[in-house]
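There are 2 protein chains.
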Amino acid sequence: MFDFAVGRTNPETVPVAGLQRAARDAIANEYAELTDYHGKLGHPGLRAAMARRESEREGVDVDPDQLSLMNGSMQAVTLVAEALTQPGDTVICEEFTYSGTIGAYRALGVDMVGLPVDANGMRVDLLEAKLDELGQARKPKFIYALTTYQNPTGVNLAVDRRRQLIDIARRRDIPVVEDNCYGDVHFDGDKPPALFALSDYDKIIYLCSLSKILGPGLRLGYLYAKPDLLDVILARRHDAGGNYLAAAVVAELYKDGVWELTEALNEALKVKKNLVVDGLAEAGADVCVTSNPTGGLFVWVRFPDDVDQGKLLRLTAERNFRYAPGANFHIHGEPVPYLRLAFGHVPDDVIRAGMPVLAQCLREARTSNEALRFATLFD
Amino acid sequence: MFDFAVGRTNPETVPVAGLQRAARDAIANEYAELTDYHGKLGHPGLRAAMARRESEREGVDVDPDQLSLMNGSMQAVTLVAEALTQPGDTVICEEFTYSGTIGAYRALGVDMVGLPVDANGMRVDLLEAKLDELGQARKPKFIYALTTYQNPTGVNLAVDRRRQLIDIARRRDIPVVEDNCYGDVHFDGDKPPALFALSDYDKIIYLCSLSKILGPGLRLGYLYAKPDLLDVILARRHDAGGNYLAAAVVAELYKDGVWELTEALNEALKVKKNLVVDGLAEAGADVCVTSNPTGGLFVWVRFPDDVDQGKLLRLTAERNFRYAPGANFHIHGEPVPYLRLAFGHVPDDVIRAGMPVLAQCLREARTSNEALRFATLFD
Numbered sequence: 001m002f003d004f005a006v007g008r009t010n011p012e013t014v015p016v017a018g019l020q021r022a023a024r025d026a027i028a029n030e031y032a033e034l035t036d037y038h039g040k041l042g043h044p045g046l047r048a049a050m051a052r053r054e055s056e057r058e059g060v061d062v063d064p065d066q067l068s069l070m071n072g073s074m075q076a077v078t079l080v081a082e083a084l085t086q087p088g089d090t091v092i093c094e095e096f097t098y099s100g101t102i103g104a105y106r107a108l109g110v111d112m113v114g115l116p117v118d119a120n121g122m123r124v125d126l127l128e129a130k131l132d133e134l135g136q137a138r139k140p141k142f143i144y145a146l147t148t149y150q151n152p153t154g155v156n157l158a159v160d161r162r163r164q165l166i167d168i169a170r171r172r173d174i175p176v177v178e179d180n181c182y183g184d185v186h187f188d189g190d191k192p193p194a195l196f197a198l199s200d201y202d203k204i205i206y207l208c209s210l211s212k213i214l215g216p217g218l219r220l221g222y223l224y225a226k227p228d229l230l231d232v233i234l235a236r237r238h239d240a241g242g243n244y245l246a247a248a249v250v251a252e253l254y255k256d257g258v259w260e261l262t263e264a265l266n267e268a269l270k271v272k273k274n275l276v277v278d279g280l281a282e283a284g285a286d287v288c289v290t291s292n293p294t295g296g297l298f299v300w301v302r303f304p305d306d307v308d309q310g311k312l313l314r315l316t317a318e319r320n321f322r323y324a325p326g327a328n329f330h331i332h333g334e335p336v337p338y339l340r341l342a343f344g345h346v347p348d349d350v351i352r353a354g355m356p357v358l359a360q361c362l363r364e365a366r367t368s369n370e371a372l373r374f375a376t377l378f379d
Numbered sequence: 001m002f003d004f005a006v007g008r009t010n011p012e013t014v015p016v017a018g019l020q021r022a023a024r025d026a027i028a029n030e031y032a033e034l035t036d037y038h039g040k041l042g043h044p045g046l047r048a049a050m051a052r053r054e055s056e057r058e059g060v061d062v063d064p065d066q067l068s069l070m071n072g073s074m075q076a077v078t079l080v081a082e083a084l085t086q087p088g089d090t091v092i093c094e095e096f097t098y099s100g101t102i103g104a105y106r107a108l109g110v111d112m113v114g115l116p117v118d119a120n121g122m123r124v125d126l127l128e129a130k131l132d133e134l135g136q137a138r139k140p141k142f143i144y145a146l147t148t149y150q151n152p153t154g155v156n157l158a159v160d161r162r163r164q165l166i167d168i169a170r171r172r173d174i175p176v177v178e179d180n181c182y183g184d185v186h187f188d189g190d191k192p193p194a195l196f197a198l199s200d201y202d203k204i205i206y207l208c209s210l211s212k213i214l215g216p217g218l219r220l221g222y223l224y225a226k227p228d229l230l231d232v233i234l235a236r237r238h239d240a241g242g243n244y245l246a247a248a249v250v251a252e253l254y255k256d257g258v259w260e261l262t263e264a265l266n267e268a269l270k271v272k273k274n275l276v277v278d279g280l281a282e283a284g285a286d287v288c289v290t291s292n293p294t295g296g297l298f299v300w301v302r303f304p305d306d307v308d309q310g311k312l313l314r315l316t317a318e319r320n321f322r323y324a325p326g327a328n329f330h331i332h333g334e335p336v337p338y339l340r341l342a343f344g345h346v347p348d349d350v351i352r353a354g355m356p357v358l359a360q361c362l363r364e365a366r367t368s369n370e371a372l373r374f375a376t377l378f379d
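Keeping their order, the protein sequence lines are chains A and B.
Under our numbering, the first residue of the first sequence is numbered 1, with each subsequent residue one higher.
Under our numbering, the first residue of the second sequence is numbered 1, with each subsequent residue one higher.
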């Protein structure tokens, strides 16, 4: 089975012994706390560890008391919309964005208005015109942006665009939700700065996660915001708080920081990412171009417009090759000529064997023999 | 500190070694699953264990695939209202009910309409008249009932009332949400049957929890419903699923069933319950009557109408005695002459010392010297 459908972490590098030791010690030290509720912020030790994570990455102070642990960043994505929107309200986001966000926001009745994405991320240069077009009646309740290692495209929002985004949002008094859930799955180059590190704008809502650097089964994410806005958002939280056991175990695991473990895991992920990118460059240069992300769990693949997508799904299914169609990530579900490969959990040899399979399926699903008309994802 | 405010389990009886072993084995066996998502139902092993728990208690088959693990039953309480109501919609519940439910439903704009509670639970005999009074325009979207060891009153809904409740709900086509989160904190007598064990009515939504028999810090509860209704409710769930680590640990802990451990914990809780009931009977018979629940984590205390509740709060605070005022559990926040004592986490000797303190505060907070005008909670 060539399973590239869902964004998952690497089962080969789970720190099994470390988690076992952490669980033993956390249960020994904090068993009494398991019999209690811990409010809407959650485990103090994990909040401190996550504040330290953010502070060390971003070079600014982060107050653990402005950080609320969530059941994965997905709870935070949903909660922000629950707290800040009513059905019919508008939200600005990238035209291509996380399928989970699209599903949640659609179900909540949010009217998603997209901005195109290019190699430098969201086209922030188009934002003001879009806001003018929407007018006061449809003024967005917030701007949702996957700023770094964007899902699905893999691009980073350029620093000048980050500054421009904050500047416009502040002038127009619109909250910005920065979803940085892939932020520490980093392979190459500089880490792009988080918005909160660039500005003291008090309506930046920052979401992050441990799902991508440790495992989604831990369901540990967080939301970080200035006190007034944090209060508004947490007033809509009615789940009696997050999972204390999981938080205690991971706080113990990370008691000396997140970086050593994270970097070791990223090494293995970078190998997988390169196997996808190089594999498709070698086996499929005639039928696709790919992203080459500097982080994250996905490669975004553009194929010719003449590919019959129904046929592609059938052909790949016959050969046990699974991927996520581009339409899943388009805010209006349009059948765009892209697909997403999630490589994090796929063994190296399966990636090696899989790329020629995908290339051949793409070839067979074409309805013409024309040469590629594009050289990059965004031509 | 005499801390009787919040419903918590007993830190003295947490199965520390059992949890440590379970964590070690769960991480060893299921580390790869931690790198994955597990859908809206959640960990198969814990669902099987919880289906077995329900089936063994209730004597009917329970399908684990109709059971969705939740982040505590509180997530389920909230989710049901999110899925089945719009702001302004009506829900029927007991006039006294769980403060967390009241807070969540109020925040969601639910119009809670109460039925009185007596020694046999919700006054189901008044339900039809209430429904007629509400009419079609305010027809309730569901009936929410804490059927067993009701929080805060401690009463059980009598079996004939359970049957009557189902009968009326079925005839009127109204879903019934049975919140049985205290169901296995059992001290004496028969366990009252769950509604789903009495009827095949397809709009019974059953909520249960491990927070009360193991610990709220585990955030493990579940929702059990027939497939059509389950689908409707889970369509509103957007948190990428429950906590797999906590579920795996507890599934391992309960691999041979829940009863042995539960009964051991209940032994200790029953001692505490009796210390509260007997302690107030001895020290405070002139100023209060109490419930004597056959299960659950609370004793409900009725005091004379002439108690100055502000003064009572001040006096108890001065003596480091904390309790939950009755108003917290009244759906409209009325300052009723009741208070709730949560005894689960209070050491036995603190309970012994605390009851005379409470009795004395009640005495001092009275504004008259009249004899008690009531002999029971519900006169």
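In short, the hints are calculated from the structure, not lab data.
Using N, Cα and C, we set each Cβ at its ideal position, and we do this for glycine too.
Among these hints, one or two may not hold up.
What the hints assert, rightly or not - With a straight-line cut-off of 30 Å between C-alpha atoms, the simulated DSSO-like cross-links for lysine-lysine are:
1. B:K130 - B:K141
2. A:K226 - A:K311
3. B:K40 - A:K40
4. B:K255 - B:K141
5. B:K141 - A:K40
6. B:K203 - B:K40
What the hints assert, rightly or not - According to the in silico footprint, chain A covers these stretches of chain B (three or more CB under 8 Å from chain A):
7. 175-187
8. 235-245
Said to hold, decoys possible - Label pairs and their calculated CB-CB ranges:
9. B:V16 - A:A17: 15 to 23 Å
10. B:G103 - A:Q309: 43 to 51 Å
11. A:K130 - B:A17: 39 to 47 Å
12. B:D379 - A:D173: 52 to 60 Å
13. A:K270 - B:G59: 40 to 48 Å
14. A:E318 - B:G103: 48 to 56 Å
15. A:A107 - B:K255: 31 to 39 Å
Item to check | Enumerated hints in conflict with the structure, sorted upward | outcome: As far as the earlier hints go, 2, 4, 7, 11 and 13 are violated by this structure, in ascending order.
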